[in-house]
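Trainee: Spelled out from the first residue to the last, the chains are:
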Amino acid sequence: MSDSKYFTTTKKGEMAELKADLQSDKKERKKEAIKKIIANMTVGKDVSSLFADVVNCMQTDNLELKKLVYLYLMNYAKSQPDLAILAVNTFSKDCEDPNPLIRALAVRTMGCIRVDKITEYLCEPLRKCLKDDDPYVRKTAAVCVAKLHDINAQLVEDQGFLDLLKDLLSDSTPMVVANTVAALAEIGEVSSTATALTDLDTSTINKLLTALNECTEWGQVFILDSLAGYEPKDDKEAQSICERVTPRLAHANAAVVLSAVKVLMKFMELLPGDSAYLTSLVKKLAAPLVTLLSAEPEIQFVALRNINLIVQKRSDILKEDIKVFYVKYNDPIYVKLEKLDIMIRLANSTNIANVLAELKEYSTEVDVDFVRKAVRAIGRCAIKVESAAERCVGTLVDLIQTKVTYVVQEAVIVIKDIFRKYPNQYESIIATLCENLDSLDEPEARASMIWILGEYCDRIDSVDELLTTFLDSFADENSQVQLQLLTAIVKLFLKRPADTQQLVQSVLSLATQESDNPDLRDRGYIYWRLLSTDPAAAKDVVLAEKPTISEETDLLEPALLDELICQISTLASVYHKPPSAFVEGKVPTPTSNKLINQANNTTSAAESTEEPVEDGVAAPPQEQAAVIPSAVEDSLIGDLLSMDLPSTSYNAPPASAGDGLGELDLLGDLSGLQIGGGYGGGMIGGQTGVGGIFGGTGLPGMGGGMGGGGGGGGGGIDLFGGLGGQGPNPGIMFQGGPISLPKQEWLPAARGKGMEILGTFVRRGGQIYADMTFNNKAMQMMADFAIQFNKNSFGLAPGPLAVNSPLMPNSTASTLLPITPGGLVMKMTPLTQLQVAIKNNVDVFYFSVNMPTHVLFSEDGAMDRKVFLATWKEIPQSNEVQASVDNVSLTPDQVQQKLETNNVFLIARRQVDVGGLNQELMYMSLKFINNIWVLIEVKAAPGSTTVGLALKTSAMDVIPGVLEAFKSILHA
Amino acid sequence: DFGYPQATSTEVLKSYISNQPCNVTYDKPLQRQPGKTLPSHAANKPIATSVESMRTQKNEIFVDLLERLTILVAPTGNILRSHLDGCIQMRNFLGGQPEIRMGLNEDLVIGRAERRHGYGTVVLDDCNFHESANLENFEKERSLSIMAPGGEFTLMNYRVSGEFLNSIPFTATTTVEDGDVPKSLRVCVRLKCQVPSKTHATNVVVRIPVPKATVSSSHEPLGPGQTSELKIPDKCYLWKIKKIHGGEEIILILRLNLSDMTKMAKKEVNAISMDFEIPMYICSGVTIRFLRVFEQGMMARSSHRWVRYISHSDSFVFRV
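From first to last, the protein sequence lines are chains V and E.
Counting from 1, position 571 in the first sequence corresponds to residue 574 in my numbering; the numbering is continuous, with no gaps.
Counting from 1, position 182 in the second sequence corresponds to residue 986 in my numbering; the numbering is continuous, with no gaps.
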């Protein structure tokens, strides 16, 4: 006997049994068998071998059996796509069934079978079901369209299902409307053509609002979400929508409530600020929001994160309800921390007494994280509510008396901030602080304490001894502490030079010789040199007036906040991040510039280190758009930009690779920093190092001081001073001249902290201009605009930037910025890329734009005929590029004229007869502003829409740009 | 004959009718439709409710009125914060989806702003309802009609803050002083149950935080049904009372032995918190006036209705 017997089994397995049952005539046995099969399928056994037999059972009147078979089909159709076709016939028949349940079931199941071959058979039944008499079938079919779109988007659009869906929006049954809205929303998320279709108009909005009251809770969520995407025409419409949405606030489902809140928050913007309706609406919002907090802790957390946003936008909504944000002892920690945050936001001079009493209670609790945050909160109250500062300080001193180490440390850190906000008011408590010096073991607390010691060194008697004790353990300290210690001792020396020379020398030598931390070394050197050359200047720098801080440190940017308000009740509002930041495939705000990224990295790194403890739980770094570091950076960058000492060119030294350095280094390039000699270079290196340090520690210090130093020691030309009046006259219009492209978004508002820039380049009267429009979308006015370019391929440099300053919120200013060649040259890829830095009183912003090539064509681009011929021959054949431009509906004369107005000049023109066709050959030349010549042969025939080009040049890099320019000129 | 018809036999009438008869035909769609469509709310109905299953099933409905209390009391006995979340839970085992009608207090007021100063008024800050509730008569007569789905669901949630109609169920006074033995603390907790004497609280747990340095504890004899234990890892002392009647007052006197006596130790006993459950007592004063089940025609059977009231603690804290 052969071995094949091992493969033929004599034992009839379970499968065979089931198969026999399936083929039996009795309905009961069939049903039993399929139930068994489904059970097997559920536990993961492979029963796909029975596919054909199961599909055979599909034709039955029994609803239960049919449902079971459909269930099986959904699971296995994917693995047996060919056999699944067998089922199609039955599906089509079922879609005609008199029973609406069966029709709906069939179309739903077909939608769930994700097999390409099935989809083409699905279209007809689906179309029929979308127009079915029964609402249940229609609502199922609506969702099915979304499913089909996911499998084959093109098919859905080609078959016109989207229009059918749109018709369903005006269905009489609310359930159908809700499902249609859901389907459209889902399709709209992935497809842009559908988005245009889902734009709502007044009549559909009315239908949605009618449906809203009658459909299920999840249907309501879908409808509300799509309402939020609608832009009402005027405040009356917004008000009427609000009126009809308001009853949803009393829904038991938190999702419905939040979605309703989203719609109301969005439309409230459109209502006039003083209307009585708005006031009553604000009152109505409070109660439902508070009610959300009586749900489970998880829902509470989501509600709190959303409330956090709402409070930032409109703190008046919940101003009466601060008591509900008092923490309960049995709240989970994440709820507690979030509540604390909201309490601070709601604190004002009327309720501060109660809030402080609460916070004081919290700081005696057991949970360390919570206690820390509570202590910090007391400090934030002091900074926010000026009238309560004294009471807050008193509370903090009480807490320090408890001698609980982590409480004391947190208290010291916040007292440092209070000192910065209210200088010279509370130094009486320094003695209490000094008593607790030994209990400080965390770097941040130690650094803060040392900063206080340094700042008030002239009022503390034994400060030199205290600092000496710190200095003894200098090598073991964290770098943050080392930096502070260095600065503090220098401050001490400047105030009491007589008896501290020893101390300052030892710290400087420790910092410069023993340490391998570049930041520390650089700061050490800069102090040393300052002290040795000009102690008076050192005094100006180190003891300079510091900018005061404010309590807006953790507010979100207005643009981001507005975006998040529109995302209430989604994950985005819980993360406090725009969806593009964490959802793959979402279109992020366009960024192609590594400069921006780099700058952002450094700032966010600086911000996230600023408050590490607060950051601990769930707060993303973005939450802390810190004012302190950006202010320091701002002034520092401003100074670097304005520094233009006449001497040899010098790039910022790369040795001091501090945290904030990447950005500053680039700035060095940007402004073509020119500094005389090595000493100056060292000095700047020091400064950049310091910038990094301040970003990193968040400790206030020397931004302002450096500003003074730079200004005083430079005698340099202030690039940004006195720019106001001398801009070019933007009123002159050039008609019929060179083409100009429409303005594009150069800097989106989200990137520019509310400043949006639209712009384009034009060439007028032999000069390049950047035509720019500034939109201020932030809440504050902007002023002190200035611009700088990085080194670029054509050595372009900006002229003076004339913007109407200050630029008020929600206003727009246009300007023509003259651009002149003659700057520093560096080859970019692509060639026409231009990296731009724009500064205003808020911050410095970086972005890059691609210039259209045609603005770079110079007016003296006409070449002599003989020279042209010689050059044409001289350039090797390998440097010739053939190309053509299609869809040009111009006569050869028009082509010539168009090109000439854009500085492409005709040298010679002749007619040739090619195969009976009459062709015009034009030989033309153009010259780039940096003297690169391009020779062109243009072939155009009357009646033909294609223009042939042959380009010759010695610099092949410009070819793609030139071709692009020809396309845009000829198509303009 | 005053115009009244005298003879109405068809034979006589025929002579007066002069127009041609026309046959009435039914429109086709009219015939087709009833079979193919169902009303839209059919989707929400259970597919099969057989008479048989209704026989075996008990025809019952349970309504629970639950309230969770959040109270914060200052050392002086002032109530710093009082807040309660209430809900009406339904468990519906009625056959055939009958309409249920429920009446709440007629003097119920919703919204703090509208507060009236009438005696005995129950004021809710805010409330929301399950989607099955029909609120047509709610504004006028505070009654709801409910097309209740089967099984368990929350009919209504409400929220009350500030003063309640009924007093808070417990008051506690705590004293902490140095013990008679060195390195010890004497803690005395006096707990009074304020509910009416007919009702009682069960499963009461009082949680007293103890200083970090606590090593052991001893207490004076406890009454019947009371137990207590020291949980050193959690830094707290638990006092459990099985049952406490309304109006009753009980006392715990406790001695904590410390490893190290600091002046902070006394402050570490800062707030005592409580868990409890009080059946048939509601702080807010919300009551269910009536609960009626409307059965349809032939299936009408007597249904059993059960209504319970329970108050729970959510966060019940006395500061010391």
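Hint data in this document are derived by calculation from the structure and do not stem from the laboratory.
Among the hints, a few may not be true.
As the list claims (entries may be wrong) - Quick partial rundown of chain V residues pointing at chain E, CB under 10 Å, derived from the structure:
(1) T219
(2) N256
(3) A258
(4) Y329
(5) K830
(6) T832
Stated by the list, open to error - When the alpha-carbon atoms are kept at most 20 Å apart in a straight line, the in silico EDC-like pairs for lysine to aspartate or glutamate are as follows:
(7) V/K549 with V/D372
(8) E/K1067 with V/E364
(9) E/K1016 with V/E430
(10) E/K1016 with V/D370
(11) V/K363 with E/E1072
Said to hold, decoys possible - Distance ranges between label pairs, derived from CB positions:
(12) E/T1066 with V/A434: 20 to 30 Å
(13) V/S51 with E/M951: 18 to 28 Å
(14) E/K818 with V/K30: 56 to 66 Å
(15) E/E1024 with V/T408: 51 to 61 Å
(16) V/D136 with E/R1093: 55 to 65 Å
(17) E/T1091 with V/D136: 28 to 38 Å
(18) V/E127 with E/S822: 14 to 24 Å
(19) V/T408 with E/R1093: 32 to 42 Å
(20) E/R1093 with V/K286: 40 to 50 Å
(21) V/K286 with E/I883: 51 to 61 Å
All C-beta atoms, glycine included, are put in the ideal place defined by N, C-alpha and C.
Trainee: Would you pick out the hints that fail for this structure and give their numbers low to high?
Mentor: Per hint list: 3, 5, 6, 7, 9, 13, 15, 16, 17, 18, 19, 20 and 21 violated.
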